[in-house]
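Visitor: Sequence:
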Amino acid sequence: MRLVIALGGNALLRRGEAMTAENQRENVRTACEQIARVAAGNQLVIAHGNGPQVGLLALQGAAYDAANPYPLDVLGAETEGMIGYMIEQELGNLLPVEVPFATLLTQVVVDGADPAFQKPTKPIGPVYAKDEAERLARDKGWSIAPDGDRFRRVVPSPRPQRIIEIRPIQWLLDKGSVVICAGGGGIPTMYRDGKLHGVEAVIDKDLCSALLARQLDCDLLVIATDVDAAYLDWGQPTQKAIAAAHPDELERLGFAAGSMGPKVQAACEFARLTGRVAVIGSLPEIEAIVQGTAGTRVSTERAGLTLR
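Count the sequence shown with the UniProt record's numbering and you get residues 1 to 308, in order.
Derived from the structure by calculation, the hints contain no laboratory data.
All residues carry an ideal CB built from backbone N, CA and C; glycine is no exception.
You may find that some hints are simply not true.
Straight-line distance between alpha carbons at most 27 Å, and here's what the computed DSSO-like set of lysine-lysine pairs gives [stated by the list, open to error]:
no., residue 1, residue 2
1, Lys-119, Lys-130
2, Lys-130, Lys-140
3, Lys-140, Lys-119
4, Lys-240, Lys-119
DEER-style ranges, computed between Cβ atoms [unchecked claim]:
no., residue 1, residue 2, range
5, His-197, Ala-303, 26 to 32 Å
6, Ile-164, Ala-303, 36 to 42 Å
7, Lys-130, Pro-168, 40 to 46 Å
8, Lys-130, Gly-254, 23 to 29 Å
9, Arg-29, Gly-194, 39 to 45 Å
10, Pro-237, His-197, 47 to 53 Å
11, Pro-100, Asp-217, 39 to 45 Å
12, His-197, Lys-240, 41 to 47 Å
Build out the structure end to end from the sequences listed, making use of the hints.
Guide: What follows is the structure, encoded as structure tokens:
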């Protein structure tokens with residue numbers, strides 16, 4: 001099969017975990033151990049989130065007073081290289097030496113009229129207590145939003161329209177390479193007066209991964225995150241994991257815009273537009289997800305919803 005595996009930024013740096021290179025590498029290693037088990041006989045495209053990572057770089061940049069902070073598109077490019085390097089190295093240590101790898105900086109075009117620019121929703125950076133988040137919002141002009149019982153910075157998240165590097169990604173796949181691309185949803189760009197420019201935004205990596213999987217005619221989209229499934233009544237005593245669902249049924253339930261919502265939307269769009277399967281599940285269960293025994297399976301194969 002041709003697989004797109006989208007690794008969540010919060011899965012690569014878990015909630016509440018110190019944002020160190022060592023912790024990130026350990027989580028990347030966990031992901032790669034799973035990916036290595038499904039590599040034989042399959043074509044692999046690996047995308048990844050970058051919310052915690054790009055937020056950390058933004059904080060580091062803000063501490064440097066001699067120049068304006070680097071814009072989010074540049075920070076997105078930095079994280080694509082940083083995370084791609086770790087994935088290449090850790091997965092390369094597990095797969096046969098003859099398997100080639102390539103990490104592509106991936107520009108993704110967005111629409112300047114997208115309403116997301118008027119209503120920031122995409123969380124980036126670490127989580128904060130309410131008082132600290134409100135202070136940072138005042139001091140730095142941030143928009144903030146709840147994330148569980150904590151708060152995070154939120155930025156515009158326009159929909160991806162076109163992946164500029166889709167042809168070289170296809171060429172690399174055709175030559176047998178493992179391709180790491182569209183990191184953090186890709187580098188947000190926009191045309192002005194016929195020229196391409198970066199945009200101060202973060203594209204949702206799940207929506208971009210679904211677009212990537214469609215354009216590459218992939219057989220399966222895996223959305224790996226820090227929970228093992230989409231849930232009914234999440235966080236309540238009545239919560240139950242969803243084993244399988246038709247897109248129509250799943251979309252009726254309503255999920256949080258800053259967390260599970262985009263994952264459900266991406267999975268539903270991929271399943272509906274391709275007739276193929278998308279699965280939402282946890283990073284340590286990637287092998288079981290590909291085998292069809294874990295996660296929330298989203299497809300048009302049957303109506304309704306099945307609980308685990």
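Visitor: Hints first: check each against the structure and report whether it holds.
Guide: Status of each hint after checking the structure:
no.	hint	verdict
1	Lys-119 - Lys-130	holds (20 Å)
2	Lys-130 - Lys-140	holds (15 Å)
3	Lys-140 - Lys-119	holds (17 Å)
4	Lys-240 - Lys-119	violated (31 Å)
5	His-197 - Ala-303: 26 to 32 Å	violated (45 Å)
6	Ile-164 - Ala-303: 36 to 42 Å	holds (38 Å)
7	Lys-130 - Pro-168: 40 to 46 Å	holds (45 Å)
8	Lys-130 - Gly-254: 23 to 29 Å	holds (24 Å)
9	Arg-29 - Gly-194: 39 to 45 Å	holds (44 Å)
10	Pro-237 - His-197: 47 to 53 Å	holds (49 Å)
11	Pro-100 - Asp-217: 39 to 45 Å	violated (21 Å)
12	His-197 - Lys-240: 41 to 47 Å	holds (46 Å)
Violated hints, listed in ascending order, are 4, 5, 11; each of the other numbered hints is respected by the structure.
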